[in-house]
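> Using the sequences and the accompanying hints, generate a full structural model.
Just so you know, the sequences run in chain order A and B.
Each residue of the first sequence is one higher than the one before, counting from 299 in the working numbering.
Each residue of the second sequence is one higher than the one before, counting from 2 in the working numbering.
In short, the hints are calculated from the structure, not lab data.
These figures come from a predicted structure and were not determined experimentally.
One or more hints might be untrue.
To be verified - Residues of chain B clear of chain A, computed beta-carbon distances all greater than 12 Å:
1) M2
2) D34
3) T49
4) D63
5) T85
6) L245
7) A288
8) A294
9) G295
10) A312
11) E344
12) K359
13) Q382
14) D451
15) G452
16) L453
What the hints assert, rightly or not - With a straight-line cut-off of 16 Å between C-alpha atoms, the simulated EDC-like cross-links for lysine to aspartate or glutamate are:
17) B/K359 x B/D419
18) B/K359 x A/D347
19) B/K359 x B/D420
20) B/K359 x A/D349
21) B/K359 x A/E344
22) B/K359 x A/D327
23) B/K359 x A/D342
24) B/K383 x A/D347
25) B/K417 x B/D356
26) B/K417 x A/D335
27) B/K359 x B/D329
28) B/K383 x A/E344
29) B/K383 x A/D349
30) B/K383 x A/D342
31) B/K359 x A/E325
32) B/K417 x B/D329
Quick reminder that beta carbons are idealized off the backbone N, C-alpha and C, glycines included.
One-letter residues, chain by chain:
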Amino acid sequence: MPEKPRLNREDVAHVADLARLALTDDELDAFTGQLADVLDHAADLEALDLDGVPPMANPLPLVNVLRLDEPEPGTRADIRAEVLDAAPSVEDGRFRVPPVLGEAP
Amino acid sequence: MSARSTADAVRAGERSARSVVEEHLAAIDAREDEIHAFNLVMADEALTQADDVDRRIAEGEDPGPLAGVPVALKDNLCTRGIDTTCGSRILEGWRPPYDATAVERLVAAGAVVIGKTNCDEFAMGSSTENSAFGPTRNPLDTSRVPGGSSGGSAAAVAAGFAPLALGSDTGGSIRQPAALCGTVGVKPTYGRVSRYGLVAFGSSLDQVGPFAASVEDAALLLEAIGGHDPRDSTSIPEASPDLLGVLGQGVEGLRIGIISELMGGPDQAASVEGIAEDVRARVEQAAEALAAAGATVEHASVPSTIYGLSAYYLIAPAEASSNLARFDGVRFGLRVDADTAPEMNTATRTAGFGDEVKRRIMLGTYALSAGYYDAYYGRSQKVRTLIQRDFSRAYESFDLLLSPTAPTTAFPLGDKTDDPMLMYLADVCTIPSNLAGHPAMSVPFGTGDDGLPVGVQVLAPALAEATMFRAAAVLEGTAP
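Here it is, written out as structure tokens:
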């Protein structure tokens with residue numbers, strides 16, 4: 299576990315940026331304190347001896363589930379239009395977004 | 002009138018599905034302004050669906066075991082062509098192009114969807130105060146919360162708006178509101194009910210399950226929605242369990258253990274804190290009732306459950322931070338325009354998510370980030386293994402386990418909104434079952450000192466819902 303402080307304002311600003319969230323200065327202060335509280339509570343895990351304990355990602359012994367890459371019977375012909383209808387902006391049957399790379403126009 | 006007797010009356014042609022739906026719409030009209038259980042009441046759609054049930058009966062068909070029974074759906078279950086908000090601004094205006102499997106199965110069983118219920122945003126919360134559309138109030142005392150995150154579903158059943166409701170439970174979001182509103186609430190075994198069409202929060206923890214006013218009705222509903230679904234890769238390839246058939250079997254000969262670590266008593270060496278005295282007393286009384294009915298009841302130890310809360314509040318946010326990455330202004334609901342795509346993503350997420358969701362996304366992003374992954378996420382996953390192992394060991398000596406569902410009865414609105422960590426403690430008794438993937442349910446058992454309901458939690462090993470329901474039926478029959 300990291301040395302104190304568990305996380306600071308700069309850490310929170312960094313994760314907010316990674317998570318594509320913009321925070322005001324006041325929010326940054328409040329979230330820093332609240333996230334530190336959760337990490338402080340989680341400090342009880344530090345005392346546990348976990349050597350040799352395997353990590354568990356899911357309760358079930360998961361195996362890959364495969365099927366043929368074919369439309370299921372009953373798949374609606376208009377499903378593409380319905381999916382696009384639910385999006386905020388579309389053009390020519392595709393999702394429309396602002397420029398991703400390079401200079402903005 | 003119970004869901005089961007309503008369905009029987011409709012199937013026998015003794016009453017119309019339309020009259021059942023009209024009666025519940027009238028109940029909603031009378032009190033919904035005060036409670037706010039729903040984000041959307043589907044009056045027209047419900048009446049149309051009811052008329053369809055009545056027409057099929059007139060034509061000699063049997064619409065199924067839930068014929069004409071109104072069901073309220075948590076607003077994170079996809080309904081084709083109907084707003085599905087997850088209590089969030091970011092999904093405003095989004096209408097899913099498909100139904101969740103659980104919804105599809107309800108309709109196939111003859112049920113009538115009566116509305117979409119309010120919840121904490123993306124099911125993150127324990128009081129339903131984190132909804133972007135305002136809080137739901139507890140029908141038993143409107144100054145109190147209904148619990149959460151499925152608070153709208155719990156309130157809808159408690160207020161008589163619908164005999165049945167569906168919720169989702171990632172860390173207690175069905176059982177805790179059920180306890181606070183005095184209803185039955187069930188989290189099935191992970192994989193028992195399809196997650197297809199449930200908007201994902203913590204994919205290794207999420208499970209859809211029933212709310213009902215009685216154990217029998219909860220059994221009826223779980224039978225209808227359970228069973229294998231090829232559209233969910235984590236769906237267990239087993240048929241839905243027979244529950245109605247075992248309800249009368251009693252608990253004679255069953256070995257039941259009270260989880261010492263979740264009782265918080267002064268005599269316990271290591272236990273979670275914050276379990277109220279009146280709640281503890283009811284759980285002890287419930288244990289006595291089970292013993293009087295022929296079960297062997299003893300104290301049980303599941304030591305690592307005391308670490309459940311810490312592990313959960315790193316694992317669930319980690320999964321949430323990944324799952325909620327899809328809400329980026331491209332495919333669903335809200336978009337806040339900007340000059341570039343990354344700026345648009347940020348503007349949309351900043352405007353669309355509420356504080357609790359932002360908190361968990363950041364916590365999860367941090368727990369998964371370079372340099373902290375092993376210390377936080379990796380460590381929590383190992384603790385999860387310990388919890389599952391400790392349960393397995395306990396189930397060598399016991400058939401079922403018992404604990405409080407929630408540490409206290411329903412608390413006042415606003416009581417914990419300024420202190421997220423305090424709010425998280427409301428889930429301390431329910432979280433271990435999600436981490437282990439086991440079934441657990443809350444059964445109302447008397448009231449606390451304030452006259453509000455107390456829920457007793459019955460926990461069972463994976464796929465042992467039938468045994469769990471037998472004990473629940475005994476508790477219901479002996480509740481003070």
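> For B/K359, which was marked as not at the interface, is the minimum beta-carbon distance to chain A over 12 Å?
violated, 6 Å
> Is the Cβ of B/G452 farther than 12 Å from every Cβ of chain A?
holds, 32 Å
> Would the least Cβ to Cβ distance between B/A288 and chain A come out above 12 Å?
It holds; B/A288 is separated from chain A by about 27 Å at its closest Cβ, greater than 12 Å.
> If you draw a straight line from the CA of B/K417 to the CA of B/D329, is it 16 Å or shorter?
violated, 30 Å
> Per the stated criterion, does the least C-beta distance between B/G295 and chain A lie above 12 Å, as a non-interface residue requires?
holds, 31 Å
> Is the Cα-Cα distance between B/K359 and A/D349 16 Å or less?
The hint is violated at about 33 Å.
> Can we trust that B/L453 is non-interface, i.e. its beta-carbon lies farther than 12 Å from all of chain A?
Answer for B/L453: holds, closest chain A Cβ roughly 27 Å.
> For the pair we were handed, B/K383 and A/D342, check the Cα-Cα distance against 16 Å.
holds, 14 Å
> Against chain A, does B/D34 keep a CB gap of more than 12 Å to every residue?
Fine: 30 Å to the nearest Cβ keeps B/D34 off the interface.
> Would B/T85 pass as off the interface with chain A, using Cβ distances and a cut of 12 Å?
violated, 10 Å
> Beyond 12 Å on every Cβ pair: is that true for B/D451 relative to chain A?
At roughly 27 Å from the nearest Cβ of chain A, B/D451 sits farther out than 12 Å, so the non-interface label holds.
> For a C-alpha distance cap of 16 Å, please report whether B/K359 and A/D347 respect it.
violated, 32 Å
The structure fails hints 5, 10, 11, 12, 13, 18, 20, 21, 23, 32 (numbered hints given earlier, in ascending order).
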